[in-house]
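Modelling step: build the complete structure from the supplied sequences, incorporating the hints.
Read top to bottom, the protein sequences are chains Y and V.
The first sequence: position 146 = 146 (the numbering used here), numbered continuously.
The second sequence: position 170 = 170 (the numbering used here), numbered continuously.
Just so you know, the hints here were simulated from the structure itself, not pulled from any lab data.
Model, not experiment: these values are computed from the prediction.
Beta carbons are placed, not taken as given, at the ideal position from N, Cα and C, and that holds for glycine.
Just to be clear, a hint being listed does not mean it is correct.
Stated by the list, open to error - Simulated coverage check for chain Y against chain V, where a stretch passes if three residues somewhere in it have a Cβ under 8 Å from a Cβ of chain V:
#1 270-282
#2 308-322
#3 328-340
As the list claims (entries may be wrong) - BS3-like mimics (lysine-lysine), calculated; alpha carbons at most 30 Å apart, straight line:
#4 V:Lys17 <-> V:Lys34
#5 V:Lys17 <-> Y:Lys320
#6 V:Lys31 <-> V:Lys17
#7 V:Lys87 <-> V:Lys34
#8 Y:Lys336 <-> V:Lys17
#9 Y:Lys273 <-> Y:Lys247
#10 V:Lys167 <-> V:Lys87
#11 V:Lys91 <-> Y:Lys320
#12 Y:Lys136 <-> Y:Lys338
#13 Y:Lys336 <-> V:Lys167
#14 Y:Lys336 <-> V:Lys34
#15 V:Lys34 <-> Y:Lys320
#16 V:Lys34 <-> Y:Lys273
#17 Y:Lys338 <-> V:Lys174
#18 V:Lys31 <-> Y:Lys320
#19 V:Lys167 <-> V:Lys17
#20 V:Lys17 <-> Y:Lys136
#21 Y:Lys336 <-> Y:Lys320
#22 Y:Lys273 <-> V:Lys167
#23 Y:Lys190 <-> Y:Lys273
#24 V:Lys91 <-> V:Lys17
#25 V:Lys87 <-> Y:Lys320
#26 Y:Lys121 <-> Y:Lys247
#27 V:Lys31 <-> V:Lys174
#28 V:Lys31 <-> Y:Lys273
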Amino acid sequence: MAEIFTRFDSNNDVVSNLRQTVSSGMWSGGTGTLTTFHTSSVQSGSTGRYFYEVYKDDPASDTTAEVQFSVAYGHFDGSGSYGQTNNFPSKAIYRQFRNILLTPGDNRFTFAGTGDNTNPKDAYFISMQRARLREKMDPGNWELRISGSGKTTVKLIDDSGATTNPSVNVGGRVFNVVSGSIATGTAVTKTTAAAQQGGAYGLFYPDLGIIVLNGPTTSVSASINRASGSAGTTDPSNALDLVEGIKRGAYFVSRREENLNTTHYFCRATNQKFNYTNNPTFFTASDGTLTVSSFDSDPHTYITTVGLYNDNNELLAVAKLSTPIQKSFSREAIVKVKLDY
Amino acid sequence: MGYLDNTTTTVDAILTKKGRELLARGGDEFKITKFALGDDEVDYSLWDVTHPNGTNSYGSAIENLPMLEAFPDENQILRYKLVTLPKGTTKMPILQVAVPSTGFTFSSSGQKASVAPNTQNGSDSQLGYSVILHNSDAADLTVSQGGEVITGGATTPVFLSDAERKKSLSVIGKTFQLVARRTTVKIVTQITIIGNETGAVTTIPITVNANA
Numbered sequence: 001m002a003e004i005f006t007r008f009d010s011n012n013d014v015v016s017n018l019r020q021t022v023s024s025g026m027w028s029g030g031t032g033t034l035t036t037f038h039t040s041s042v043q044s045g046s047t048g049r050y051f052y053e054v055y056k057d058d059p060a061s062d063t064t065a066e067v068q069f070s071v072a073y074g075h076f077d078g079s080g081s082y083g084q085t086n087n088f089p090s091k092a093i094y095r096q097f098r099n100i101l102l103t104p105g106d107n108r109f110t111f112a113g114t115g116d117n118t119n120p121k122d123a124y125f126i127s128m129q130r131a132r133l134r135e136k137m138d139p140g141n142w143e144l145r146i147s148g149s150g151k152t153t154v155k156l157i158d159d160s161g162a163t164t165n166p167s168v169n170v171g172g173r174v175f176n177v178v179s180g181s182i183a184t185g186t187a188v189t190k191t192t193a194a195a196q197q198g199g200a201y202g203l204f205y206p207d208l209g210i211i212v213l214n215g216p217t218t219s220v221s222a223s224i225n226r227a228s229g230s231a232g233t234t235d236p237s238n239a240l241d242l243v244e245g246i247k248r249g250a251y252f253v254s255r256r257e258e259n260l261n262t263t264h265y266f267c268r269a270t271n272q273k274f275n276y277t278n279n280p281t282f283f284t285a286s287d288g289t290l291t292v293s294s295f296d297s298d299p300h301t302y303i304t305t306v307g308l309y310n311d312n313n314e315l316l317a318v319a320k321l322s323t324p325i326q327k328s329f330s331r332e333a334i335v336k337v338k339l340d341y
Numbered sequence: 001m002g003y004l005d006n007t008t009t010t011v012d013a014i015l016t017k018k019g020r021e022l023l024a025r026g027g028d029e030f031k032i033t034k035f036a037l038g039d040d041e042v043d044y045s046l047w048d049v050t051h052p053n054g055t056n057s058y059g060s061a062i063e064n065l066p067m068l069e070a071f072p073d074e075n076q077i078l079r080y081k082l083v084t085l086p087k088g089t090t091k092m093p094i095l096q097v098a099v100p101s102t103g104f105t106f107s108s109s110g111q112k113a114s115v116a117p118n119t120q121n122g123s124d125s126q127l128g129y130s131v132i133l134h135n136s137d138a139a140d141l142t143v144s145q146g147g148e149v150i151t152g153g154a155t156t157p158v159f160l161s162d163a164e165r166k167k168s169l170s171v172i173g174k175t176f177q178l179v180a181r182r183t184t185v186k187i188v189t190q191i192t193i194i195g196n197e198t199g200a201v202t203t204i205p206i207t208v209n210a211n212a
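Written out as structure tokens, the structure is:
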């Protein structure tokens with residue numbers, strides 16, 4: 001009997017629902033290191049009072065430039081931005097992130113460490129762009145450098161390497177942001193969160209792709225300008241000042257992580273199978289005669305494509321080989337098709 | 001001494017548009033149960049039995065061919081499938097249908113024509129034929145013998161436009177009947193018949209003249 005479809009033996013040919021954790025570089029093109037940072041005058045002109053989007057390439061000259069992350073500044077009372085009472089962008093931003101990240105009733109972000117700024121009224125919020133983040137940031141595999149006008153460079157990482165049991169709240173897992181570096185391949189913490197004078201640098205929510213930076217500690221340590229007050233008509237642009245600091249730091253390394261459900265299908269072309277083809281160059285349309293006379297006794301075909309079908313003969317998935325595989329009565333082939341969901 | 005390569009060829013699959021549709025719909029419809037192999041871009045006339053390097057190089061022109069990436073459109077890929085036939089086969093199965101050289105032409109609504117495919121050099125007697133009417137505005141297509149109607153339709157390994165795909169109708173059976181529909185304009189379309197065992201394909205033009 002002729003046959004074009006071969007049924008899978010579910011016990012031997014299909015390995016289903018393998019769960020794999022895959023990590024890759026966070027930024028556009030799958031790169032892990034970002035050294036150039038740009039903002040868009042179009043975006044900052046419309047929503048810049050609330051946040052700044054940061055690009056890898058200059059959107060003014062590159063129409064394909066993609067947003068990598070955004071930076072916002074929030075203040076509990078609305079300081080650091082102008083506007084009507086109760087309509088301060090910094091106040092709205094602070095309360096937006098508070099609602100997302102803190103448990104109900106917890107009004108302000110609390111940071112580890114000692115000193116006056118463990119419970120400050122303001123913070124910077126760095127949110128990874130959805131397409132860059134995919135599922136979550138990879139804890140222990142990011143480093144952000146911020147350099148202020150005084151040329152002081154602060155290197156920030158998270159303390160996940162020193163924490164086996166992170167706290168988990170509304171925003172998922174939470175780690176402290178500490179001074180240190182992963183440039184050597186492993187996390188080297190300079191000062192732990194608990195030992196940070198004036199309050200720890202911040203909090204890191206890997207499952208949401210959000211880094212919360214302690215306003216006073218970050219601005220003072222990195223010499224970033226941080227305006228207060230809410231008078232006047234010109235926005236103080238505290239978020240933009242942090243973006244400028246990130247530009248001067250010129251180093252943001254990060255990885256993302258996602259879980260994939262994978263199924264492997266083993267497509268077995270045994271020696272007796274798939275040695276003929278309906279390819280119109282293989283035979284003459286009028287009578288079916290094989291175009292290559294030697295194929296009468298020893299036919300050869302080539303596998304270039306594998307199609308996976310359901311019982312209704314509907315093609316659900318397709319895989320292409322990088323090079324054609326020759327098939328004949330004296331050759332067998334096994335093609336393992338990997339399908340990720 | 002080198003190491004023998006005993007690895008299995010591993011390839012990444014992508015979901016077709018139909019696959020994504022069924023996966024999103026949920027239920028049991030996205031259930032992969034079988035596979036087929038294709039050789040769409042291979043031209044077997046490149047098989048060179050005069051190659052100076054001998055038999056191992058007869059297919060070198062084909063084997064060196066760079067492969068295109070997979071298309072997600074299930075109608076544009078796996079048009080030509082590899083088929084299992086007994087060793088010693090010297091003629092490929094081809095489909096024959098008793099039909100005028102210009103195809104079926106209908107001049108009145110309700111006019112009927114029988115479609116009875118026959119597989120030469122092989123047999124599709126067990127699984128029958130899939131027949132795709134590209135534009136169901138032209139006619140009704142029913143199974144006369146041995147089959148069931150698939151409303152969604154099997155993947156059509158022929159080129160259909162988006163407009164045609166919305167109007168296409170697929171049935172599976174052994175013999176079929178076309179019944180012209182009422183139309184105010186002349187409709188020119190075609191049916192594609194595929195042997196479900198042999199994979200043999202033939203296409204027949206259909207013309208339904210304005211009849212209302």
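Are Y:Lys121 and Y:Lys247 close enough, with their CA atoms no more than 30 Å apart? holds, 25 Å
Would you check the hint for V:Lys31 and V:Lys174, treating anything up to 30 Å between C-alpha atoms as holding? OK: V:Lys31 and V:Lys174 at ~26 Å, within 30 Å.
Taking 8 Å as the Cβ threshold, is the statement that the segment 308-322 of chain Y is covered by chain V upheld or broken by the three-residue rule? holds (count 15)
For the pair we were handed, Y:Lys336 and V:Lys17, check the Cα-Cα distance against 30 Å. holds, 22 Å
Pair hint outcome, V:Lys91 versus Y:Lys320 [Cα-Cα no greater than 30 Å]: holds, 28 Å
Regarding the pair Y:Lys336 and V:Lys167, is the alpha-carbon distance no greater than 30 Å? Roughly 36 Å between the alpha carbons, so the hint for Y:Lys336 and V:Lys167 is violated.
For the pair we were handed, Y:Lys273 and V:Lys167, check the Cα-Cα distance against 30 Å. violated, 36 Å
Holds or violated: Y:Lys338 to V:Lys174, with C-alpha atoms at most 30 Å apart: violated, 36 Å
Does V:Lys17 sit within 30 Å of V:Lys31, going by the straight-line distance between their CA atoms? Given pair V:Lys31, V:Lys17 holds - Cα atoms ~15 Å apart, limit 30 Å.
Checking one constraint from the list: CA of Y:Lys190 to CA of Y:Lys273, max 30 Å. Satisfied? Distance of about 64 Å is beyond 30 Å: violated.
Distance restraint between V:Lys34 and Y:Lys320, which requires alpha-carbon spacing of 30 Å or less: holds, 17 Å
Does V:Lys87 pair with Y:Lys320 here, judged by a C-alpha cut-off of 30 Å? Within the cut-off at roughly 27 Å; holds.
Violated hints, in rising order: 9, 10, 13, 17, 22, 23, 24; the structure is consistent with all others.
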